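**Student:** One letter stands for each residue in the lines below.
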Amino acid sequence: MQRRTLMKAALTAVSLIALQATSALAENPVLKIGFVGVTSGPAASWGISNQRSMETRAAWINETGGYEIGDTTYDIEIVSFDDQKDPKRAIAGMEKMAQEGIHYVVGPNVDDGAAAVRPVAESNGIMYFPYAFPKSLYEAPASNAVLGMVANYQSGPAIYKYLMEEKGVKTVAFIAANESDPLSQRDGGVAAATALGLEVVSDNVTYQVDTTDFTPVLTPVMRSRPDLLVLSGVSPANAPQLIRSARELGFQGVISTETAQDSGVLTEGAGDLANGFISVGGASTPELASPMMNEFVDRYTKMFGEYNDESNTKVYALEYILETLKADPTALTDVDAFQATMDTFEAPNPYMNGDATLRYVGMSSFGQKRQVAVPLVVNVYQDGKFETLFVAEVD
Amino acid sequence: MFGFTSKQLSGVAIFLFAIFIGVPLLIGLTGRWDFYFTLTSVALLAIASAGVWLTFYIGRINIGQGAFALIGAYVSAILVVKVGWSFWISLPAAGLFAALVAVLIGLPILRLRGVYFAMITLVLTQVVTLTALALPITNGAKGISNIPLPSGVSIFGIPLLPDFAGMENTKLAFYYTACILMIITYATLYRLVNSRLGHLCRSMQQNEELASSIGVNISYIRIVIFAISSFFGGIGGAMFGSIAQSVYPSSFQVADSVNFMLNCFLGGLGFVFGPMLGTLVLYFGWDLLFEFGKYQMLIYSTVLILIIRFLPNGLLSIRFGKGGDK
Amino acid sequence: MEQILANGVYLGSQYAMIALGLTLIFALMNVLNFAHGQMYVIGGFVTYTFYGQWGVPFILALVMSCVTLAILGALIERFLFAPVIKGSAREESTMLLAAGIAFFLDAVILLFFGEKQRGVPKIVDGVFNYDFRLIMPYDRILICVLAILSIVAFIGLMQYTKTGRALRALAQDRTAAQLMGVNVDRYSMIGFALGAMLAGLVGGLLVTITGVNLGMGGPTSIKAFMMVMIGGAGVISGAIWGGIILGFMEAIGLALLYQYGDITYLLIFVSLMIFLAIRPQGLMGKPWG
Amino acid sequence: MTPLLQVKNVTKKYGGLTANNDISFDVAENEILSVIGPNGAGKSTLFKMIASFTPTTAGEVIYQGERISNLKPHIVARKGVVRTFQETTIFKSMTVHESVVVAQHLRAKASLAGYFWGSKAAQEDVRAFGKYADELLEFLGMSEISSEQASNLPQGSLRALGIAIGLATDPKVLLLDEPFAGMNHDETMNMVKLVRSVRDERGVTVMLVEHDMPAVMNISDRIVVLNFGEKIAEGTPSEIQNNEKVIEAYLGSVDDEIGM
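Residue numbers (my numbering), protein chains in the order written: chain F, 1 to 395; chain U, 1001 to 1326; chain C, 2001 to 2289; chain Z, 3001 to 3260.
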């Protein structure tokens, strides 16, 4: 009996705290933006870099008085849901967003989650910005997903082309983790490389994500002596180890990936061996970063103790949502209006020097504008930081 | 009928009333529409967990239910998308296929006991995930997406089941479907456990040698039970595929297999309805703690540890005191 | 060929060490410790913090990993496993507890150490390269040697010390050990602490090569389970053999089957299942554990 | 008259070790036959082979003209040859009554599916099982502990429960593995009476493996003596008591094993 009373008391206490947590907010009307992604477990870093960049930006906006859309100034609240990289949870998360009356959600971070939430998002009028590449998400009849970054089938060809022209790369090898996302990205990369006339010398070596020693994995790849080694869809955790093993096995060529990486992780994990490693990043290199980008990095670092370079690309989704809403305030509750605005929307890119713009692209990949135009900044790692190799545009 | 006491019957009536009328009413009143999906998930996961519980009943720790759920999801998806079957026919087909696989795999592995069986089923989950990644029929890494919603079924022009695609609110339809399936599952489970087969299972759980000395064909019953268990897994998985309208190799993985097992432990292995309650608490608990943001996992796991620390025989053991009924 | 052998030895020695701690805990208390991988990760992070962040000498950082995990293990045994085992009708219930602890440690790791992959400076530079037939960086060789030394030390401890004898007696037969005057509660705690310490030690050793991130816990536990099963649950020599065999299976499998790419691991797992189905007690185990 | 059960040249080897070597004897209907011998003589192994719990290396066991060795235990049990166990092998968390009901499952007339749906035949069965269990327990003098959980029973009752479970299957031949082990004189005498009534009133042929010599001499019609896996003697209790080889075998082993 006593035990039961105790549990009841505990439950009451817990729910009270929960209520307080949600009710304590400022005077401005609140605009809630959702995030559904993975912030715990093995892939936590993908979602956390997303969530934190959103929270940083939201706190910044709120601190400076809010965000004006139409005639109203809103405080921005980020509502995050941890889907544990489980598509079933991701659906629950999207339902939760619908429940909160949210129409704009960033995430999920992986293919299966992004595909699974589609029915919920479409039936509840939610626009969502996944970091997943399957084309079926963005092609008609799918309507509500907007690719939040540059897809590997877009960045890959640009990188390969550059390397063919500048570095004389002729042969390429691919290696991928034995999981849906990386394998799909590898297949896309192989197709792109073949189309460009590169010779693919190895494309079927895979590794388990929990591999601790990549030497045996890489040995057969190295034997095929490629000029370029592509780490398809590599997670930031695996990248330094793969680079290190490849270099220790005597690999002299170029190593590249089409996902975003973190320079700190590379420094710690591979040190100088990572020099020359090519990856895709946002506009954070000194020559490209606008003052606003630098302030963002500062605020992020202050708020969470340490910056994550993966956030360079992830800062954009929220900005796109807010800017588009500003361009058409009716879209606050009307997703159709948002979709209509997307076709013509254009605004200056605050995070990048020069005259880059925020706009929606994707006509050539998806047949409709369902992708944010993030500048395709190809970085190269050198002595602890990224340097810009070249900048390209996606249509 | 079935020898229920009036107390049991009224309990069942209250339960049915609660899930079919009470829950929709409450959701309508509070406006928490998101709970429909959560509760639908609970119902479906509880179906798969019921299977795991059943293998516990013959004394086997089953960490392979994720494999059968994935098999079920793929079979249904392939039948619907590539062969063009109605979902409602593919659903039992998915269960049966999972059961068939269980028979084939069960023949060699059901001889194993204890942690050995647990481990081999854990490996099985990995094998099925990797197979799904490698096979062409499953579409490999790309998975199967854009699965159509269940279509209507009618016999002689009388609509038996409505067309989900034409519905305003599929949430409610899926909720009712899942609940009906769950009730059938647990009714089956209850009858099974309280019929002769159940008694034989219990005798095997306690002592396989003695059971075979009194003439119980233990290898046959093991297979039958494992097949039924996997049938439940297949059904649960297929239903999920239909709700998500997509299936990926990662739709069910080792973590799911482990969770199914934990649901049974948490609810209590000695109680037929244990896995249902365990699933509700484990799955719904996570959702409720959503407000705590980055401390969600910390609180969730702490509560879990406290429960098992103070109720090591499962939640339902509160009612029956220490030692429970078995 | 030389490369495959070397890879096998290197992988095998580190796997064996991971499996040792798990099998010790299993032998003593019949607990399948789902949180073993998380303990390994914590070991890695402790060494990372001391050696990588604060510049404490590597060996000292390793010791800190061992101490932290030993204390953690002892506390977990004393306040969680021991009472649950006493109160539980079926001893498998500890699986739920172990899983709960695994979730908890994952949450703690995330809060304390963050989500990023972490690594430490190399402890030795340079690569041993024998005519491109055998390539092995010096730090790996060093870690491999350290791992083997630790295994030898552990076996020595189990064979020749009073504690070791008591632990072995406990693992063989709990009741008999109690009758012989072994303080069962105390040695269960010591054993658990020792098992956790081994996990921490491997974590600390390997952080110098693979780095560490919070995602490594779960998969490490599962890998350790497999090794334990190959060798035979609850048998010390079995864990060592299991580790070595899995190490070689990976090294050889990856070398021979690489052209089949995606199905290499599928084949490894399937053969593991077939092996277990034929020989359920593993290589060295007693049937039914 | 052909014997009910024949053990024919049965041999069992475990690796290099021979547990039973070329053992032959017959069991007549309705007799009580004991297998005795010092520790490690291979008595239990022999029982296991008769009940098909382990295959024979050579030789066979014939029951009513049919080979029953090297089958599955449940098949042998269904034919009517049922063993009990040496240790306290019981259904721990069932009550005495439940255990006896479960053990009757071979007598079921309804199918498993019939039970599932609760068919008439199944309801009939359930009633019959319950009634028979009551009868059986009364016959064994266990009525008052009928709703006791098996794990709570004292050792003597556990052994009786083992026999009750065995009897509930309606066997023709019951193999009792050390039914008197660990019992005091009074308990043993009760058990002897019980075993005898099983034979006399239920017409069950009984084979038993035992250490307790006085009890064996008291209860058996005939005795088979094993030593080091070989049969060294066979005959009535008085013949065995005077057999040179038997005396030698027992004197050669540890005294206390005779149990006198």
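Read the hints as simulated data drawn from the structure, not as lab findings.
Keep in mind that a hint or two might mislead.
Simulated pairs of lysine-lysine, DSS-like, Cα-Cα distance not exceeding 27 Å [said to hold, decoys possible]:
id, chain 1, residue 1, chain 2, residue 2
1, Z, 3072, Z, 3120
2, C, 2122, F, 385
3, F, 32, U, 1007
4, F, 385, F, 161
5, Z, 3120, Z, 3008
6, F, 135, U, 1142
7, Z, 3120, U, 1007
8, U, 1294, F, 161
9, Z, 3048, Z, 3092
10, C, 2086, Z, 3048
11, Z, 3008, Z, 3048
12, F, 369, U, 1142
13, F, 135, U, 1294
14, F, 161, F, 369
To spell it out: a stretch of chain U is covered by chain F in this simulated footprint if at least three of its residues, at any positions, have a beta carbon under 8 Å from a beta carbon of chain F; those stretches are [said to hold, decoys possible]:
id, stretch
15, 1049-1057
16, 1139-1152
17, 1250-1257
Note that the structure is a prediction, hence the values are computed from the model and not measured.
For every residue, glycine included, the Cβ atom is placed at its ideal position computed from N, Cα and C.
**Student:** Each hint: holds or not?
**Tutor:** Evaluation of the provided hints:
no. : hint              : in the structure
1   : 3072(Z) / 3120(Z) : 31 Å, violated
2   : 2122(C) / 385(F)  : 19 Å, holds
3   : 32(F) / 1007(U)   : 48 Å, violated
4   : 385(F) / 161(F)   : 24 Å, holds
5   : 3120(Z) / 3008(Z) : 45 Å, violated
6   : 135(F) / 1142(U)  : 10 Å, holds
7   : 3120(Z) / 1007(U) : 24 Å, holds
8   : 1294(U) / 161(F)  : 42 Å, violated
9   : 3048(Z) / 3092(Z) : 22 Å, holds
10  : 2086(C) / 3048(Z) : 35 Å, violated
11  : 3008(Z) / 3048(Z) : 15 Å, holds
12  : 369(F) / 1142(U)  : 22 Å, holds
13  : 135(F) / 1294(U)  : 32 Å, violated
14  : 161(F) / 369(F)   : 25 Å, holds
15  : 1049-1057         : violated (count 0)
16  : 1139-1152         : holds (count 7)
17  : 1250-1257         : holds (count 4)
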